[in-house]
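Enquirer: Single-letter residue listing:
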Amino acid sequence: MSAARVPAVEGWFTMDEADPRLVGNKCTSCGTVFFPKASIACRNPSCDGTAFDDVPLSNRGRVWSYTTNHYAPPAPYVSPDPFEPYSVAAVELADEKLVVLGQVEGGAEGLRVGAEVELVLSTLFADDEGERVVWKWKVVS
Amino acid sequence: MSVGEVAVLGVGMHPWGKWGKNFVEYGVVAARDALADAGLAWTDIQFVSGADTVRNGYPGYVAGATFAQALGWQGAQVTSAYAACASGATALDVARNRILAGLCDVAMVVGADTTPKGFLAPTGGDRPDDPDWLRFRLLGATNPTYFAFYARRRMEVYGATDSDFAKVKVKNARHGLENPNARYRKEVTEEEVLASPMVADPLRLLEICATSDGAAAVVLSSMDFARRRGSGDPVRVAAVSTATPRFPNTIIEMPNFATDSAAAVGPPELTFRDSIAAEAYEQAAIAPDDLDVAEVYDLSSALELDWYENIGLCKPGEAEKLLHDGDTTIGGRIPVNPSGGLACFGEAVPAQALAQVCELVWQLRGQADGRQVEGARVGLTANQGLFGHGSSVIVKK
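The listed protein sequences correspond, in order, to chains G and V. Just so we're on the same page, the numbering used here is the position in the first sequence counted from 1, plus 27. Just so we're on the same page, the numbering used here is the position in the second sequence counted from 1, plus 805.
Treat the hints with care, since some could be wrong.
[As the list claims (entries may be wrong)] Derived DEER-like restraints, expressed as beta-carbon distance ranges:
id: 1; chain 1: G; residue 1: G133; chain 2: V; residue 2: L1010; range: 42 to 50 Å
id: 2; chain 1: V; residue 1: G1117; chain 2: G; residue 2: I67; range: 32 to 40 Å
id: 3; chain 1: G; residue 1: E158; chain 2: V; residue 2: D935; range: 22 to 30 Å
id: 4; chain 1: V; residue 1: L999; chain 2: G; residue 2: V167; range: 53 to 61 Å
id: 5; chain 1: V; residue 1: G1071; chain 2: G; residue 2: I67; range: 18 to 26 Å
id: 6; chain 1: V; residue 1: P1093; chain 2: G; residue 2: E44; range: 19 to 27 Å
id: 7; chain 1: G; residue 1: D122; chain 2: V; residue 2: V808; range: 38 to 46 Å
id: 8; chain 1: G; residue 1: D122; chain 2: V; residue 2: A1092; range: 52 to 60 Å
id: 9; chain 1: V; residue 1: T848; chain 2: G; residue 2: D75; range: 47 to 55 Å
id: 10; chain 1: G; residue 1: F152; chain 2: V; residue 2: G1117; range: 57 to 65 Å
Since the hints were derived computationally from the structure, they do not count as laboratory data. Because the structure is a prediction, the values reported are computed rather than measured. C-beta: ideal position from N, C-alpha, C; glycine also.
Isolated chain V (complex conformation) (with noise of 0.2 Å):
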């Protein structure tokens, strides 16, 4: 069964980098893009979904009403969200449920960061409760550690390489040449990402992605108020996927010491991974043929072989194969990250999943320029983050 749709009437960004600036301005600014987008003044919105980010103090934990104030208070409703990396599509999915419960008919979601310089560390203080805390303390287990376990296990189950690796950097990176929201617009040759500094063997690092500053936002409305707008044929949210792992989960994941165990209830059928995206197709009644486009969260370039599979454009263990045929390249049979992914943009943690939808919604609309996979008519998103969150957003024209 399909659930129901909402409308994307506008969408805009902040571009990525590091700015420096609080992150408040980045999330005046998208929301401002995603408004003229639309179309609508800031007071027609009703409902204002925040994404949380989690290293900018207070004003960061109420996200929502911290852009509902930079913006003018004008009544609407609010809620803030934060679900790590899924944040976004988490605020999403609220204004989503709101629309089709009737209880507003234009809702705005936005999402902004600033991120410190380097690795993302856990938050301060003698926090030895805190598995995030612990996890640097006791191991040093920094993210691209996971990154690496699971790179590492690709090369060893499925016989993958450095070159394929650096591979999928060098298709983002020409992916992302052209993306006015982009911070690294730069072409890069498979020898140089070879050459890059070890980070996390057998990762380097131009294969993992940088924390960035950025924003992003999504007007929302109902089918219902998209008509009597005359807004013609807009983009349609048909999924909005938050699914949790099923137990036991025995992937090692961020920021865990331990898998769970396995001896007295066995494995699940799927994967979290897997289920993260079966969960979207099942809401909007698709299957992975029905794709023309997805942006995927390549946190390393060896990640993005990884969710090939996992939102089921191969089997597992063909996904080299797949980047090597050039289906997953803008002209090929299923393009990934023509934003040019993670690996142009670095991570904005709670605008990532909403800027993955955007550039959905500009593929869609055929405004993609420099980037636009022809014709698409139907796409995915997919991320993982921590503490058992993952979303995937399906949106369809």
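If we strip away everything but chain G, and leave its shape as in the complex, we get (with noise of 0.2 Å):
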């Protein structure tokens, strides 16, 4: 029996194993993008508008910055035992122009600045409710 997968935060991105994608949201005033989504009111400051569309973000972007954690973060973050190292990646999404975090699947191998990596989900941990399951990013090859 394989265990439930569930998104470990709920509403972020999509669960389409084939073509996952980050889901923010876009202020139908002025056009800007959002994510997280935003839910109050647009925070261009020149913008009154509240109300916005969901939007699946560019499944590819090219890496700002990155790096490799070499020690275990404190709770609530779920480290294996033992532990291993982790790389994070910011990665620059050219239509959208912003940069947005995910831990890089397959680790630090050919990470670099400026490098494409593309979305992908993976199991973040598990606990009774099943895999909690996350975006990552990973490099292009």
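Put the complex together from the two separate chains, hints included.
Expert: Shown next, in the form of structure tokens:
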């Protein structure tokens, strides 16, 4: 029996394993894109918009910067035992003109500023409710 | 235009360390130290401005009143401020503004913290609506993760090296050797820095600031009050900037998952960090060339290099040269972090922005034994924390 796969956070990305997307939203007045989604008011200070349409973000981008963490972070991060170093990348999306973070699938191999990466779904950790799924960036080889 | 100035009559600190005591005790020590320095009694204080700590329960959220009660209720008016790493400067700003508005003559500003071991962690519980909780949960994005992004970026864009970053630590460790309030007072070599364990690539253990216990306090007064008391030529606060970012903020910052989008509106002229000091320069009506000394927030050794550019000491990409030429070492053109900086102190969040001010006051008075910047008359502090908080204070003699 395979464990249930549940998103580690609700509504931030699609659970489409073949073509996963981060889901942001766009102000219907000024067109500014937000991730995570804006929910109260448009954060462009010159816009008084309050209505937003969900938009899937680009599933490819380029690494703006990155790091590999060699020490286990505190809770609420759930570290594997024994701890394994993990990489986090800040990725620039050209169309949306924003930088979005994500852990890196497959370790630091091939990771460099400017490298092209694509969005994948991956298991963050598993608990009684199943596998908690999160988005990650993967270097396009 | 320059805004009105207030006098710094006294400064004080409780030494930084891991003392394992209640933060209130540190705050009281620093406050009494500052009162003694000012030659004033606690009962002379008309307004108390506390910088909050969020790691010590309710008393930490009402720090002003907590310190006022610990020193003995005497009827002073009170406020408490939280602004992440800028909390101390925000508390200072409230006191300054009250004095400038003529609502009081003398005010006390205090910040103190007791910190846990290791990484600063988010507040406990299950809080999926809090981005500070979520960044740990979903990404394991510790504070050094963000510092490492900036460091890696600096290597990529300006060709900075591991050696450059290590040299900042070597400089600051030397600066802090004689500072009685510093936690780490030990010289380190570049080799030792580069041999310390990797924390968040490219940053190593000796290049990332620790979390510390500590307290700092400042007694401010109106210029009239200082004159009436015959305080001579006191150090003055000429500017306090607590600027927020301008939309769209295109630099990724703690605790965010993403930057603002620049798709609909182009990026602002100044980055957030640039704008923090720019606002202070405008208030004080001075320029970077007028500075003699600066205390900047070296949360990582690499970040100190960014600050050289953010406060206008050099053009973008020239910070490494400034460091190599010895300009930012005591004895150089514009010494940075003569106190030893966070490299020697570690961070005691609500006290840190005030500690920067204390150091500059000692520098401008010529009382910074063993680390004196000769003839310093104008100094600037700069820091940045979470949630769009940052501060810069300019003091003059």
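Enquirer: So which of those numbered hints doesn't the model satisfy?
Expert: Hints 1, 4, 6, 8 and 10 contradicted; others consistent.
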